[in-house]
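Student: Since the structure of chain H is provided, determine the placement of chain A on it from the hints.
Quick mapping for you: the protein sequence lines, in order, are chains H and A.
Its first residue numbered 20, the first sequence is counted upward by one per residue in this note's numbering.
Its first residue numbered 20, the second sequence is counted upward by one per residue in this note's numbering.
Honestly, the hints are just simulated from the structure, not real lab data.
Computed from a prediction, not measured in an experiment: that's the story for all the values here.
Fair warning: there could be bad hints in the mix.
[Unchecked claim] Straight-line distance between alpha carbons at most 30 Å, and here's what the computed DSS-like set of lysine-lysine pairs gives:
no., chain 1, residue 1, chain 2, residue 2
1, H, K81, A, K52
2, A, K63, H, K72
3, A, K52, A, K72
4, H, K63, A, K72
5, A, K120, H, K63
6, A, K89, H, K81
7, H, K63, A, K81
8, H, K63, H, K252
9, H, K89, A, K220
10, A, K120, A, K220
11, A, K220, H, K234
Protein chains: 2
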Amino acid sequence: MCELLGMSANVPTDICFSFAGHIKRGGDTGPHKDGWGISFYEGKGCRSFKDSKPGYCSRIAKMLTNYPIKSKSVISHIRQANSGRISLENTHPFQRELWGKHWTYAHNGQLIGFEKLPLSYTHPVGETDSEHVFCWIIGQLNEYYSSLPTDLDEFTQRIGSYGDILREMGVFNMLMTDGEYMICYCSNNLYWITRRAPFAKAELIDDIHFVDFRKETTDSDVVSIITTQPLTKNEHWHKMQPGELAVFRFGERMFYQNK
Amino acid sequence: MCELLGMSANVPTDICFSFAGHIKRGGDTGPHKDGWGISFYEGKGCRSFKDSKPGYCSRIAKMLTNYPIKSKSVISHIRQANSGRISLENTHPFQRELWGKHWTYAHNGQLIGFEKLPLSYTHPVGETDSEHVFCWIIGQLNEYYSSLPTDLDEFTQRIGSYGDILREMGVFNMLMTDGEYMICYCSNNLYWITRRAPFAKAELIDDIHFVDFRKETTDSDVVSIITTQPLTKNEHWHKMQPGELAVFRFGERMFYQNK
Numbered sequence: 020m021c022e023l024l025g026m027s028a029n030v031p032t033d034i035c036f037s038f039a040g041h042i043k044r045g046g047d048t049g050p051h052k053d054g055w056g057i058s059f060y061e062g063k064g065c066r067s068f069k070d071s072k073p074g075y076c077s078r079i080a081k082m083l084t085n086y087p088i089k090s091k092s093v094i095s096h097i098r099q100a101n102s103g104r105i106s107l108e109n110t111h112p113f114q115r116e117l118w119g120k121h122w123t124y125a126h127n128g129q130l131i132g133f134e135k136l137p138l139s140y141t142h143p144v145g146e147t148d149s150e151h152v153f154c155w156i157i158g159q160l161n162e163y164y165s166s167l168p169t170d171l172d173e174f175t176q177r178i179g180s181y182g183d184i185l186r187e188m189g190v191f192n193m194l195m196t197d198g199e200y201m202i203c204y205c206s207n208n209l210y211w212i213t214r215r216a217p218f219a220k221a222e223l224i225d226d227i228h229f230v231d232f233r234k235e236t237t238d239s240d241v242v243s244i245i246t247t248q249p250l251t252k253n254e255h256w257h258k259m260q261p262g263e264l265a266v267f268r269f270g271e272r273m274f275y276q277n278k
Numbered sequence: 020m021c022e023l024l025g026m027s028a029n030v031p032t033d034i035c036f037s038f039a040g041h042i043k044r045g046g047d048t049g050p051h052k053d054g055w056g057i058s059f060y061e062g063k064g065c066r067s068f069k070d071s072k073p074g075y076c077s078r079i080a081k082m083l084t085n086y087p088i089k090s091k092s093v094i095s096h097i098r099q100a101n102s103g104r105i106s107l108e109n110t111h112p113f114q115r116e117l118w119g120k121h122w123t124y125a126h127n128g129q130l131i132g133f134e135k136l137p138l139s140y141t142h143p144v145g146e147t148d149s150e151h152v153f154c155w156i157i158g159q160l161n162e163y164y165s166s167l168p169t170d171l172d173e174f175t176q177r178i179g180s181y182g183d184i185l186r187e188m189g190v191f192n193m194l195m196t197d198g199e200y201m202i203c204y205c206s207n208n209l210y211w212i213t214r215r216a217p218f219a220k221a222e223l224i225d226d227i228h229f230v231d232f233r234k235e236t237t238d239s240d241v242v243s244i245i246t247t248q249p250l251t252k253n254e255h256w257h258k259m260q261p262g263e264l265a266v267f268r269f270g271e272r273m274f275y276q277n278k
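This is chain H alone, in the form it adopts within the complex (with noise of 0.2 Å):
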């Protein structure tokens, strides 16, 4: 499988130390060797960092876990491949632009008869049943809305209907974002976060690193993180429900809707 690492906040915020823990898992604390990637959204751009490799030993991930790129939505993924072979062009985050936007995507699951869902807008240039569900989901908006909705609610519950099509063909745990929005549709496993003042200390599970964020914020930060697994041990995160949907908006939780 994979694992999903998504950032939602209401300043622009550096992802380092939650970065450092999920890369961990990228083949030294868990078996996630198979690529990894990252992508940043400064404004409406957006840039990414991806490789095929393993992301523990990448001279790049090492990098980012000591760069703070500031930024207020972010999508992680590191893969254990199953559907689509180990190349630079199956792997994670997935990139369309759609009514003058990037829209960034990431997919943790297995689905079967994937192939049947019928593309028109958008086309997969790797061959993973993630990439094209993704092409899928992009030409269904693209048919149904000639601009971004205004109406958020009918927009969000028109991806949750997606995510329960796709639930029905397998896994189907997902983020989407367009650097405002952080959408996040769970199948099995996805848990969340917010954090804000007062500010506490987190301690990671996957390496022997904790942060203070009392000296990291000031008091009016909101900053959530969504994820496969809780990356923090002294911490309560909330379990994300089978067929839940919920959409974060610098930082908040501003939509959510159980099945």
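Tutor: Frame of chain H, contents of chain A only:
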């Protein structure tokens, strides 16, 4: 203005030497300090490194001058902003998916009246003339062909005809690749060199740095570099003519057309 750097090779080759000279012009030996980017193809996959900060003092760019990513097709760009403010979304190279391939593009020059070029398939995220024009080209190609055409000459001549239209609107020096073909259009400044056996030493113009390609290559290697201004002082670079279109594939210049 800006500067372009492209590479086409018949074996996966690193671009560290050329990039070291090119990136110095990003605010040190040249004025192009308003962002930089580089895209590497590995098979059908592509990964980019981008920053809206100056390249010459970027920690990520510094790492890339020492970290040999092997690729057959690379495009890099250093920016001096004119159309569009300094921001990540306005930083080249730009990328879109078409026909299940990642297309990467970078532009040097400034165009008047670009807003009138109609868009269909894909839309710009930022505000530059460059990205608008790229979206126009991708849209035109998408309307004309339902998949990558097999007649390469006709296909590249079509892109050349778009270049001819754009050159009338100002300056349009361009590199565009799908990882296999490196399509180059010259408005006023574009040079190229093909290195093959017998290899020799080369010395950068912008840095105290030379390389002995005899130690870095095998006799069958063919590597072409395309750039806005020559990067080395002891080699002969070919100057492209205004209106010239050239296509490189796996290192070889396989097609060219002068006006």
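Student: Are any of the numbered hints broken by this structure? If so, which, sorted upward?
Tutor: Numbers 8, 9, 10, 11 - these are the hints that the structure violates, sorted from lowest upward.
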